[in-house]
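Q: Sequence:
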Amino acid sequence: MNIQNELNKAGGFKNLEMLAKQVVEGFIAGMHKSPFHGFSAEFAEHKIYNKGESTRHIDWKLYAKTDKLYTKRYDDETNLRCHIIIDNSSSMHYPEINSFSIDSLNKIAFSALAAASLMHILKKQRDAVGLSVYSNAYDFYAPEKGSERHHQMLLQQLSNMVVKKTVNKETETYTYLHEIAEKMHRRSMVFLFTDMFQTTIEDTKLFEALRHLKYNKHEVILFHVFDKSKELRFNFDNRPKRFVDVETGAYINLYADTIKETYHEAVNEYFTALRLKCAQYKIKYVEADINQNFDSILTTYMIERKKFA
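Position 246, counted from 1, in the sequence shown is what the working numbering calls 337; the numbers after and before it change by one each time, with no gaps.
Since no wrong hints were added, every one of them can be taken at face value.
DSS-like mimics (lysine-lysine), calculated; alpha carbons at most 27 angstroms apart, straight line: (1) K152 <-> K215; (2) K274 <-> K368; (3) K373 <-> K308; (4) K105 <-> K215; (5) K236 <-> K112; (6) K308 <-> K236; (7) K398 <-> K308.
Derived DEER-like restraints, expressed as beta-carbon distance ranges: (8) D386 <-> R217: 20 to 30 angstroms; (9) K255 <-> T353: 32 to 42 angstroms; (10) G121 <-> V254: 22 to 32 angstroms; (11) R278 <-> E239: 19 to 29 angstroms; (12) R147 <-> A228: 42 to 52 angstroms; (13) S387 <-> R147: 31 to 41 angstroms; (14) E270 <-> T157: 41 to 51 angstroms; (15) G143 <-> F399: 16 to 26 angstroms; (16) M244 <-> S387: 26 to 36 angstroms; (17) A357 <-> A228: 21 to 31 angstroms.
Hints are computed from structural coordinates only; laboratory data are not their basis. Note that CB positions come from ideal geometry on N, CA and C, so glycine has one too.
Make the full structure from the sequences, and use the hints.
A: Right under this line is the structure:
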């Protein structure tokens, strides 16, 4: 079934699980032509054989195909705890889209499909995954588990999140990142999907909330989700337009070209400061342009998991 046909539904995702599987399978197929060739088996029910381990579970059929030693994973193996955090404020539902396609996703739909793709891999690897969704409230929380029932519940929550558009919901990233950090007591890999736009708190406090996520030696990956063409480069035609803040309702009427250069400089300065703070706090920063594919998301996961010990 074609991904575009599945996404092209006014009601959101019809089958998010299938779409995630296709995204992952497409990524793995691409890996065979990349420097990461050989790691693709790790996205299935296998892990690399380490010298000294028992040879009892080596997959000799896979060895015959790849000339590399892999051992089979089993249902009772949980090697990683992962918590996915998604900002569901009004700004994450930009741009407004009536019908989705694989080439036309807003920020919340991009985040949901990216999260579902990560969950598909984690499920294959028998890892435990949890989910937090926040806006101006703590909308949803589920602790890390690895069961099929839990996986399906999270997929349903992601689907609902895309459909239920939030109206004038300001982002409370500062408040809820602190609260989420307090809930995670065991060391985990944390994926945060957010556009990092917040009007009610100064940048320094927002960065401190990111730092709090590192508590208990968590590994934190920030997927900075934004529309690069519009939200960074301000590429709008130069006709008079009303630009509305979807979180506060405030608006301004202007010609795009009159502020384009100033706007780009200000936003680029903020994004640069964000990257620097992430580096300072040892948080992995990943640009997630909604107009691009999901390769950067999945490649980052693959690299960071190899480091996670």
